[in-house]
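Visitor: Residue numbers (this note's numbering): 9 to 399.
Note that these hints are calculated values from the structure, not bench results.
Small disclaimer: the values here were computed from a predicted structure and weren't measured.
Among the clues, some could well be false.
What the hints assert, rightly or not - In silico lysine-lysine, DSSO-like type, Cα no more than 30 Å apart, as pairs:
id : residue 1 : residue 2
1  : Lys91     : Lys81
2  : Lys164    : Lys91
3  : Lys16     : Lys194
4  : Lys194    : Lys91
5  : Lys143    : Lys16
6  : Lys81     : Lys167
7  : Lys164    : Lys81
8  : Lys303    : Lys290
9  : Lys91     : Lys167
10 : Lys290    : Lys167
11 : Lys16     : Lys91
Claimed, not checked - Simulated restraints, written as ranges between beta carbons of each label pair:
id : residue 1 : residue 2 : range
12 : Pro272    : Asn202    : 18 to 28 Å
13 : Ile244    : Pro278    : 25 to 35 Å
14 : Ser157    : Glu84     : 25 to 35 Å
15 : Ser193    : Gly328    : 38 to 48 Å
16 : Pro357    : Gly317    : 40 to 50 Å
17 : Glu84     : Ile121    : 17 to 27 Å
Note that CB positions come from ideal geometry on N, CA and C, so glycine has one too.
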Amino acid sequence: MLPLDGIKVIALEHAIAAPFATRQLADLGARVIKIERPGKGDFARSYDTRARGMSSHFVWTNRSKESLTLDLKSPEGIDVLGKLIEGADVLVQNLAPGAADRMGLGFETLHEIHSELIVCNISGYGPDGPETDRKAYDLLVQAEAGFLSITGTDAKPSKAGISVADIAAGMYAYTNILAALLQRSKTGLGVEINISMLEALAEWIGYPMYYATDGAEPPARAGAAHATIFPYGPFIAGDGKEVMLGLQNDREWAVFCRDILDAPALETDPRFESNHARAANKLDLTAIIMAAFSKWNAEEVIVRLSAAGIANARMNDMAGLWAHPQLRARNRWREVSTPIGPMPALLPPGGVGAAPRMDSIPALGEHSRAILEELGMDSARIEALSKAGII
């Protein structure tokens, strides 16, 4: 038995933030019914075709869900949605600002009828304040939250290579829903959860924000290196390949000087005797490290660093991640069904009790008829809704 067996989630979702949250609920056994636009569906379905003809984003965030197409601009569609909500535990939505309220799906309205329903709203900027009506996409929130100002190189800011604002919001939605379910088990009442992408990413930027307390200089953009800890980042080995290494304390620095640089006197060199000093003199120290590393290829550097207990990493690409020996050794790969055949998928991190649920990625509207039959509709009524374009 999975932790969320028996929990029913209605998801008015698109893009990444809400689908990422609800996929994790599905991983834990929740039944997630994804409401999509007839004919088009979640627009993330058409972001690209790189996952064997399917969208990479959609494949990642939508396994183990049921797809119901429903025109929510029609009275019939709203009526069907109302019947679904009657038997639901959680409603998750990341529609455009104000759209849920206009459809009568605000928490106060729903709470009067379904007092046990948990409602989770995900938006860019939250339900009130001067920015509440602004549309928000991941890159835009990265800019608003100051993420771009600390990411990239000295010459040019860069976005994250993943949808970090969406993921942050999705994670907080997921954990807040779990907390709300636990609270409901004690009070019998549902609650409203409001997740803001800006607030989620701002929380994740806590260190650079505090580093710049009271108008102090923020961390410099440092590319793949750390802005304030050194040496911590990429260094080139003798074969031209990069190796990542990280020193976190003076004890590791002493070991690094003795076992890697073969220069124990550097431990007490005034230029390098503390992290602050090493960061201030990083150009000199970089030249010393590169001279030492030039004697070995990247794999030899990694072997030596590992033997000395110095944290390190290969500069992997996506092919390297697909083939990562640690993921393979720990048996982290599974296969999930899709409309065009099986697709590899990683087991979600952690796990409680039984193996996580990893069911199919749904085709658009794949479960519409079955769900409507479950609500008591006969074939003639379902056919009429289909011909009218409502499902």
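Visitor: If you test the structure against every hint from before, which numbers come out violated?
Guide: Numbers 2, 6, 7, 9, 12, 14, 16, in rising order.
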